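Participant: As a plain string of letters, each chain reads:
Number of protein chains: 2
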Amino acid sequence: MIDFKKLREQNIEITKRAVKSSLTRDILIIQAISCIEDTDKASSIFVNRLREWYGYYNPEFTKSIRSNEKFSELIASMSKKDLLKSLKLDEARSMGADFEKKDLDAALELARSLNDLYSFRKYLEQYLEKAMSEICPNITAIAGPLLGAKLLSLAGSIKRISELPSSTIQLLGAEKALFRHIRGLGKSPKHGVLVQHPLMESAKMKDRGKVARALADKISIAAKVDYFKGKFVGDKLKAGLEARFKKK
Amino acid sequence: MIDFKKLREQNIEITKRAVKSSLTRDILIIQAISCIEDTDKASSIFVNRLREWYGYYNPEFTKSIRSNEKFSELIASMSKKDLLKSLKLDEARSMGADFEKKDLDAALELARSLNDLYSFRKYLEQYLEKAMSEICPNITAIAGPLLGAKLLSLAGSIKRISELPSSTIQLLGAEKALFRHIRGLGKSPKHGVLVQHPLMESAKMKDRGKVARALADKISIAAKVDYFKGKFVGDKLKAGLEARFKKK
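Protein chains in written order, with my numbering: chain P, 3 to 250; chain H, 3 to 250.
Since the hints were derived computationally from the structure, they do not count as laboratory data. Treat the hints loosely; a few may be bogus.
What follows is a set of in silico ranges between Cβ atoms, one per label pair, in the way DEER data are often shown [stated by the list, open to error]:
1) E54(P) - G186(H): 30 to 40 Å
2) D100(H) - N13(P): 33 to 43 Å
3) G186(H) - L187(P): 31 to 41 Å
4) G211(P) - K18(H): 31 to 41 Å
Take a look, some chain P residues computed to stay more than 12 Å from chain H by CB distance [claimed, not checked]:
5) R68
6) F73
7) L89
8) K104
9) K132
10) M202
11) D219
12) A245
Please read these numbers as outputs of a predicted model, since none were measured by experiment. Cβ atoms here follow ideal geometry from the backbone N, Cα and C, with glycine treated the same way.
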């Protein structure tokens, strides 16, 4: 007779092992790129707070600097006097209020936390760069590690992106605009996250659809090569694209 | 004749000085309490990411622990084996995938960033506690530093909270429900952020309106005393409240 209890236990064992081995490294890449996005969200919350808070103390400097990263770095390391001197302003004539030391410390502690977040983001970028060049060297060669990982996360896995037609890859990230268009409202989108690619940024408005199409074309080839672990062709694909679009 | 140019310059000087001296410390308290809320937002984003990411590696432990802070602390400091041992589970039978070291490091780096955020929050709480007991000792005695600061931030300043009737203080933070009620949709709210007060938490549902009213009463007295820098009466007000509500 069949021992159902034993059968069940063995089945659970098998399933557990299947679950355990189902994880592929592309899933981790997707986690990392999503984490970069989370970090961006968090640091933008913090930098708004910091600019408001520190702005009471030193409004002239807060207004003078646009880069958030530099702003947070500088105020954590330099005194108000030196910061104003770098703008050729006199501290005595500043509109900023005088903070007690403990109040200033609290604001600067926020700046330090924010700096930690920025360096965490850099760490993640480096991690992604390495992992992407190991797992999808071809996609990375064409799209770069960040954009490549973003495409991967939109597709869901390296297997799925290798199965997508290039016209879908072209529009990854533009789903909302696409379905708006399908419902008859608005123009058809010409690109999704691909817009972040350097070739797109340098292209003229009217050429962007063309560039996006060519990019998606090559990325879809690269994805297939990566998934089936073919030999490296990323440099050739990239050279072809650059020859076609770079000079213009 | 009047020298308009000079007049203008002097006027600007005066305005600058007025702006400079217009900052009071309650504004900084409001920044700090808002920053605590920002920190909560950021850490909840991160902890969701961490649970998903680390969950691939060690799903059994991730599911077993509810406290986010402990979760992040423990995984940053202990190995998977030890964590599973504490749950009396065997590592070999875990469903979690085997991570390469560099992949695991990335997830643990996130845990470390999250831990930093948690300790930053604790720092802010301590700062608030000190600042609140200096600036509004009476409000702090009754409502505690965090809730007190929250009320302050909803009112806008210590001056404004001292001018509010206690019925408004009772509903600070319930504006949405209040206006919904005024439009004729829904019941009138009985309390706003005051619901976080320990006396409210221990009160029965049907008594909450009563407790909130009494609390708001005393807080409105305390706010007036704080704004006009009267002598400390917070302990007496608090004792009155506790005598009335604590035993039930």
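Participant: Starting from the hint list further up, note which numbers the structure goes against and sort them upward.
Facilitator: 2, 4, 8, 9
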